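**Student:** Below are the chains, spelled out letter by letter.
2 protein chains.
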Amino acid sequence: MSRLDVFIARMVSQRACLNFAAEATASIAGPVFELGLGNGRTYHHLREIIARRDIYVFERAVASHPDSTPPDDRLILGDVHETLPAALARFGPAASLIHADLGGHNLDKNDAFARAISPLVEPLLASGGMMVASDRMYFEGLKEVSLPADAVSGRCFIYQAG
Amino acid sequence: MSRLDVFIARMVSQRACLNFAAEATASIAGPVFELGLGNGRTYHHLREIIARRDIYVFERAVASHPDSTPPDDRLILGDVHETLPAALARFGPAASLIHADLGGHNLDKNDAFARAISPLVEPLLASGGMMVASDRMYFEGLKEVSLPADAVSGRCFIYQAG
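Protein chains in written order, with the numbering used here: chain A, 1 to 162; chain B, 1001 to 1162.
These are computed hints drawn from the structure, not numbers from a lab.
Predicted model only: the values in this text are computed from it and were never measured.
Fair warning: there could be bad hints in the mix.
Said to hold, decoys possible - Cβ pair distances, simulated, as ranges: (1) P66/A x R1052/B: 41 to 47 Å; (2) H1065/B x H81/A: 26 to 32 Å; (3) A1116/B x G38/A: 29 to 35 Å; (4) L107/A x I1055/B: 24 to 30 Å; (5) E140/A x M1001/B: 36 to 42 Å; (6) P1119/B x R90/A: 54 to 60 Å; (7) G1154/B x R90/A: 39 to 45 Å; (8) N1106/B x D108/A: 32 to 38 Å; (9) F1091/B x Y138/A: 32 to 38 Å; (10) Y1138/B x D5/A: 29 to 35 Å; (11) G92/A x D1111/B: 48 to 54 Å.
What the hints assert, rightly or not - If the Cβ cut is set under 10 Å, some of the chain B residues that face chain A in the computed set are: (12) M1001; (13) V1012; (14) L1018; (15) R1041; (16) H1044; (17) R1047; (18) V1062; (19) H1065; (20) S1068; (21) H1105; (22) F1139.
From the three backbone atoms N, C-alpha and C, an ideal C-beta is built for every residue, glycine too.
The whole structure should be built from the sequences, with the hints applied where relevant.
**Tutor:** Shown next as structure tokens:
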């Protein structure tokens, strides 16, 4: 399997999981959180598939495509180790959907980051809310959800709050 | 259609076209040319699907993933406006497969680049050799080939020398 194959599997899985989770959480009014903007392709996709929910983007520094840059009042700038706890104080346990593509080349670094942010992400979810992640997360109380048909096992993970 | 959808369609089409063209040109002994290395995902893929042919990469400056960096003697460094004519002098009309992902955000720039390099690419191909490109090219004597089933029209182009 080439790096191109792996990359395509990851992108296709990400889209399938986001489409599935957006629909599965559509009845929850709380906001959607995108952790990391990158060049904004996934945020652009979220804007297409999310109706009637605010989408907030957590990012250290914006470097996205002009088409895919959130408005200032939907942008939460800073280090997620600080902005996620601040979001809990601001929004409470209300998020309907949280997405994170940790996706660096270094798998050990991704895993350490997943361990660090899991306890900061978990309390943000509303009951029934879902987290879609590119890497395995370390939650105490969320249950892992079966992937939709188009997603490739191990390329994407979905968790749900009880 | 989101930017994520467009991007996935482009990557899936690129892979389908490369797999098709690699097989269709397998009986031609001449080298394979990859124009632009980027992070090396496509080069990594070419190495998997190309047997018994040398793969040369044309690049201005190497910034690829360590897994996907060509050996020095398969790297042709410099501006393609100079290195493509030099390759004609070195190899003659011998290439079995040429791939170029022009893929910038700016469609006008991509098109201008396609127009500029088309006459430099065309004479490099062996009889029966193929060019796979992310953008429409401007060849005088090559014929456009129908895309394989998995490719999306307009996201990839295949040309063949008579």
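**Student:** Hint by hint, say whether it matches the structure.
**Tutor:** Hints versus structure:
1. P66/A x R1052/B: 41 to 47 Å: Hint holds: Cβ distance 45 Å, inside 41 to 47 Å.
2. H1065/B x H81/A: 26 to 32 Å: 28 Å, holds
3. A1116/B x G38/A: 29 to 35 Å: Since the Cβ atoms of A1116/B and G38/A sit about 30 Å apart, the hinted range of 29 to 35 Å holds.
4. L107/A x I1055/B: 24 to 30 Å: For L107/A and I1055/B the Cβ distance comes to about 27 Å; the hint holds.
5. E140/A x M1001/B: 36 to 42 Å: Check passed, 39 Å falls within 36 to 42 Å.
6. P1119/B x R90/A: 54 to 60 Å: Check passed, 59 Å falls within 54 to 60 Å.
7. G1154/B x R90/A: 39 to 45 Å: 44 Å, holds
8. N1106/B x D108/A: 32 to 38 Å: 36 Å, holds
9. F1091/B x Y138/A: 32 to 38 Å: With Cβ atoms ~53 Å apart, the hint is violated.
10. Y1138/B x D5/A: 29 to 35 Å: Holds: the Cβ-Cβ distance is about 31 Å, inside 29 to 35 Å.
11. G92/A x D1111/B: 48 to 54 Å: 50 Å, holds
12. M1001: 8 Å, holds
13. V1012: 6 Å, holds
14. L1018: Where the cut-off is 10 Å and the nearest Cβ of chain A is about 8 Å from L1018/B, the hint holds.
15. R1041: 5 Å, holds
16. H1044: 4 Å, holds
17. R1047: 8 Å, holds
18. V1062: 16 Å, violated
19. H1065: Check passed: Cβ of H1065/B comes within 7 Å of chain A, closer than 10 Å.
20. S1068: Since chain A brings a Cβ to about 6 Å from S1068/B, closer than 10 Å, the hint holds.
21. H1105: 7 Å, holds
22. F1139: It is violated, given that the least Cβ distance between F1139/B and chain A is near 25 Å, above 10 Å.
The structure shown violates the earlier hints numbered 9, 18 and 22.
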